[in-house]
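Participant: Residues per chain, in single letters:
There are 2 protein chains.
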Amino acid sequence: MNRSLFLSNVRTADGQAVSVSIVDGRIEALGAHLQAQPDAALEDGGGALLLPGFVEGHTHLDKSHWGQPWYRNEVGPALTDRISNEREWRKTSGHDAGTQSLALARAFVQAGTTRLRTHVDVDTDAGLRYLEGVLATRQTLRDVMDMQIVAFPQSGMLIRPGTVGLLGEALAAGADVLGALDPALIDGDPAASLNTTFELAQRYGKPIDIHLHEPGEVGAFSLKLLLDRVAATGMQGRVVVSHAFCLGALPERERDVLLERLAHLRVALLTSAPASRPVPPLKICKEKGVTIFGGNDGIRDTWTPYGVPDMLERAMLIGLRYDLRRDDDLALAFGCVSDTAAEGCGFDNYGLRSGARADLVLVEADTLAHAIVSRPKRKLVMANGQIVVRNGEWLKAA
Amino acid sequence: MNRSLFLSNVRTADGQAVSVSIVDGRIEALGAHLQAQPDAALEDGGGALLLPGFVEGHTHLDKSHWGQPWYRNEVGPALTDRISNEREWRKTSGHDAGTQSLALARAFVQAGTTRLRTHVDVDTDAGLRYLEGVLATRQTLRDVMDMQIVAFPQSGMLIRPGTVGLLGEALAAGADVLGALDPALIDGDPAASLNTTFELAQRYGKPIDIHLHEPGEVGAFSLKLLLDRVAATGMQGRVVVSHAFCLGALPERERDVLLERLAHLRVALLTSAPASRPVPPLKICKEKGVTIFGGNDGIRDTWTPYGVPDMLERAMLIGLRYDLRRDDDLALAFGCVSDTAAEGCGFDNYGLRSGARADLVLVEADTLAHAIVSRPKRKLVMANGQIVVRNGEWLKAA
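These protein sequence lines are chains H and L, in that order. Read in the numbering used here, the first sequence has 314 at position 314, and its numbers run on one by one without any break. Read in the numbering used here, the second sequence has 339 at position 339, and its numbers run on one by one without any break.
Please note: incorrect hints may appear among the correct ones.
Pairs of lysine to aspartate or glutamate residues, derived as DMTMM-like cross-links and limited to a Cα-Cα distance of at most 25 Å, are as follows [what the hints assert, rightly or not]:
#, chain 1, residue 1, chain 2, residue 2
1, L, Lys-283, H, Glu-74
2, H, Lys-91, L, Asp-81
3, H, Lys-379, L, Glu-393
4, L, Lys-379, H, Glu-364
5, L, Lys-91, L, Asp-44
6, L, Lys-206, L, Glu-252
7, L, Lys-377, H, Glu-393
8, H, Lys-224, H, Glu-169
9, L, Lys-377, H, Asp-39
10, H, Lys-283, L, Asp-81
Listed next, with one range per pair, are the computed distances between beta-carbon atoms [what the hints assert, rightly or not]:
#, chain 1, residue 1, chain 2, residue 2, range
11, L, Asp-323, H, Arg-142, 29 to 39 Å
12, L, Thr-124, H, Pro-278, 35 to 45 Å
13, H, Gln-68, L, Asp-323, 18 to 28 Å
14, L, Gly-46, H, Glu-364, 23 to 33 Å
15, L, Arg-72, H, Lys-283, 12 to 22 Å
16, L, Phe-221, H, Asp-228, 41 to 51 Å
17, H, His-33, L, Asn-85, 31 to 41 Å
Taking beta-carbon pairs under 8 Å as the criterion, some of the chain L residues facing chain H (in silico) [stated by the list, open to error]:
#, residue
18, Glu-74
19, Asp-228
20, Ala-275
21, Met-316
22, Asp-327
23, Glu-364
Please keep in mind that the hints were generated in silico from the structure rather than gathered at the bench. Bear in mind the structure is a predicted one, so any value in this text is a computation, not a measurement. Think of the CB as a built atom: it goes at the ideal place given N, C-alpha and C, for glycine as much as any other residue.
Starting from the given sequences, assemble the full structure and let the hints guide the process.
Facilitator: Written out as structure tokens, the structure reads:
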């Protein structure tokens, strides 16, 4: 392992020509007139655009059939159709969460993602089996990816007795975050469901990331109950609400009251910016001080055939969903898969700055906006100060 | 030029292993147990998925800066901001419609598109200059692409005296279709604007393709006026309404009356399936018998930084917009960029069938849905019976 590496001849998103000095896996310095240390390995960036390693704020590594023969989707349209279909398929298909999470996580690194939050199903059929697979993947990729694991009750929590205990075991076994799911429309008892979630999170000292698909007024109701509990338990800054479709479909005044409470309680929002659903208003969230970041959600699984493990493509889809056309607006879309996602998930030592972990991506693109719309092959990916990918290909087995 | 070509070892979207016999640029036969003619050139498809050449139903080849240095978008949000900004930029930037339309059209062929409808700006500043550029591109690519040109009054028609005359000249000079634009919100006089459009189309014996961005009730009003004129002039089957955002935002009953009239008058709809706008309901249109097909709209121009000349990606975006997840639903998305687009635009001799023009695409994909979500490099593109692209690269200059 090279202690020092000097990356010259790259451009930052603001157009500046810079070099980066990297020591012991950290960015020691980044600027226009740096000199390489005598013992540093030298890397010429060839004038490429320099970006920070990308952040995936919400995916489901354990569900994917990435790299496997095509899964023919004949699933019904309801949320419960999809949940049942998946649980049955995972029991009977031989799908292995360890193998599949590794295949997909490696594809993420190959496309420049070095920090990732994944939700992993915990249910009374599978127990902690999927979690064990993803924990093994995290261990395998520990040198190149910083992975947060959310213990996620995909099949419901209160409606499946035994699930609460399993979630506790998952947190004890290495999950970093407690997941949750639609306390009204899946669990059927929003107050009790949220009480249980907050009690569990506090018992294990873990943050919360809840899937809230509930639409319109019912979603707003669940969200209000959730915010009450954030305040009551002192969990400010430790809760993420994923999807939050309801915030895309409320009257302005009602929505803004919720946004102001979200900002005040430092509850962050995650969006995959789906083209077919209402979504929280990105720019208004930012104006109100709400942290909102991006993620792919599931990639090529029994829920959806779509998705690629490329955060530049997700930034593009965010840009399309929010009609971001100006270059300065596209920078917001990129923020959703970089610094804002790091902030929302709590990944530290992030960014293109002295002292941050040296997670870097080089692409051949004129500008940041150009990189987002063209999604070029990654010329170079560096994780923890080590070059792991060149011209889109892995340099070493992991 | 080989008179005969025999393409063996390919799979159709329904999973059948077939060969294709091609003679004089046409599909002579396609099936499971064909024999090559003795004089045929032989091509082994390597088990790849066989698709018909793609159809781009709506783009703007003349506006793009494809392949040029990045255009920094700092444009205001209104339609009129974008129109004025573009007209000024095209006057002063040295942008050349001939060069740019050729670059983009070649990129379309490279990704498997062999039929394309492009709208070309006609206005009182530029006259027919952009049309001349695109006519030259059509001539250059005549052996590999079937191109329809729409004479499009991007800056308005009645509000810019002289435009009607220029549109007539454009139709006389080789444009195939008369374009039009928002008769109420741009032209300010919907009845007069539509009367002029229909008179001009009839005088030159050309079909119509109108950009209708007008939202909700005003769009519905313009659409109703348009349908009245289709009936009055006997132009059934010869009119396309592009975008038709209004049909995504009307009360069901009002919308369905319009859809039923569209079906009855055989007026087709074009959608780019934008993620940020209301869109006509795809499946309901199909149920009502309305032809609805897809297109990219502008690609990397002063309006939008987005877009790639790849109809598989557009099919993916259509699938995402309409939440099409099942394999049978993704086939509908592909229809929007293949047979339904050929029908909507009136491209004849289209498809994977005996007698059709031999426009074929091979991709490495398990299934049609897999091809759409993964958008692999084109293994082979054949246009008019000639192989023009292999492994994503052109074989000959054009």
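Participant: Tell me the hint numbers this structure goes against, listed in increasing order.
Facilitator: 2, 5, 6, 8, 9, 19 and 23
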